[in-house]
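**Q** Using our numbering, the first residue of the sequence shown is number 2, and each one after it goes up by one.
There may be inaccurate statements among the hints.
In silico EDC-like links for lysine to aspartate or glutamate, alpha-carbon gap of 16 Å or less [unchecked claim]:
id : residue 1 : residue 2
1  : Lys-198   : Asp-135
2  : Lys-81    : Glu-265
3  : Lys-410   : Glu-265
4  : Lys-262   : Asp-414
Simulated from the structure, these hints should not be mistaken for laboratory data.
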Amino acid sequence: MLQTCVTRVNARAMAMATKSSAFTLPARSMRTASLNKPYLISTKKSSIIKRTPTASLPVTAIAASTAVVAAPSIGASISKLANAATTAFPIFVLGAAAIGLLQPTSFDWFLPSYVAPALGITMLGMGLTLTFADFARVLSTPKRIFTGFALQYTIMPAIAFAVSRLLALPLDFAVGLCIVGACPGGTASNVVTYLAKADLPLSVAMTTASTMGAVIATPLITKLLLGTLVPVDVVALLLSTVQVVLLPVLLGAALNQTFPKQVERLAPLSALSAVLLIAAICGSVIAQNASAVASAGSRLLLAVAILHAGGFALGYGLSKVLGMPEKVARTNSIEVGMQNSALGALLATSHFPGNPLAAVPCAISACTHSVMGSLLAAFWRTTATESSDGPPVLLSELDLDRRRQQVKKWIADWQIRTGGPGGPSKWVTTEEMAMYSSEQIAFLERKRKAAAERSSS
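With the hints as extra help, turn the sequences into a complete structure.
**A** What follows is the structure, encoded as structure tokens:
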């Protein structure tokens, strides 16, 4: 039926090409016996024509006109899959950890040398969601970076020392737990921040700052807690952070700034790849230390859980007490609660040879903070963070104009998809409709005006 319809349309189009540039085709002839859905007849796939039950449909009269059946885009399907994966992030992490513990050989394919490239790819995807204006905004408020740095190196060491004393941990486990508490923020915290819809640029800046400060802070804290001065290879640590975190994020932001349309199509893949790679890393870490984790005992598991849960809770609570906005408080919570456990394991094995089990708390920590962080991200992802309780951010003219143009494009696309402002078609999802709202422009304008009034007063 459809082929007959198309042949008839093409013949009529060629006959009338010299008389008129367009004609109409009855909407009823667009139906088939089995599919009662809208179809697109055009030489351009982007020109979507909506079928109505009573009106006629315009058809472009071109001699070589062809028929294309409109269907949900691949990008929309990937976006739905990415949203489902991020919602199920805790399940992925817990499942990978369970497999790594029960069947360690399942992760033999994921070698330890894959961890750094996997994190680098993940951070590149995070960078694709940012612009340099986002980093300029963060750097314009150094107080927030300093606050996060201070919380990082006070909360976690204090909790680690207190828990190891209260639970009377064996010496090896107490040493390992204190080393974890003295480490800087982990790179996985940036991924969790992204999935939790917190402040990703601030998270990257805080991770970099805490890593750079580790050359002084980590040795001093371990000396204070353990009585042993643990040296830190600042060059290797900083180089690793730059390679795994900073450079990929900046490269992603540069690509987003240069090729915004192409990057927008890849955006759903960022969250999807982040979930899969972090789950693989977590499962691999547990698989490599499966025997040590299984024999660790309930006291050590409880101690590590209290350490990270306390970091998440106090990082958020103290940030709110200090008057930080909601997004910043969430970012501080994630940065404080998630540590660079890999660095802790390296320091434990290198500088405490007399305590061979000191690296076990570090291995358990890597999985624990990933699971807790994923659960927290899944919870925070469902709650809005736009209503910040802090002062509004003054957007640059370039950034504001860019967002305005994006919203205008979304509205135009929506009108094309629906055949006008009469109502959405089946092809437009609820999430897309939220993006097509012109209220976003008004919101940005009000936010910028309020910020300008505050700065002038």
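**Q** So, for every hint listed, does it hold in this structure?
**A** These are the hints, each one checked on the structure:
Between Lys-198 and Asp-135 the CA atoms are separated by roughly 14 Å; this keeps the pair inside 16 Å, and the hint holds. With a CA separation close to 15 Å, the supplied pair Lys-81 and Glu-265 stays within the 16 Å bound. For the suggested pair Lys-410 and Glu-265, the alpha carbons sit about 13 Å apart, so the restraint of at most 16 Å is met. For the given pair, Lys-262 sits about 14 Å from Asp-414 by alpha-carbon distance, which is consistent with the 16 Å threshold.
Violated hints for the displayed structure: none, as all numbered hints are satisfied.
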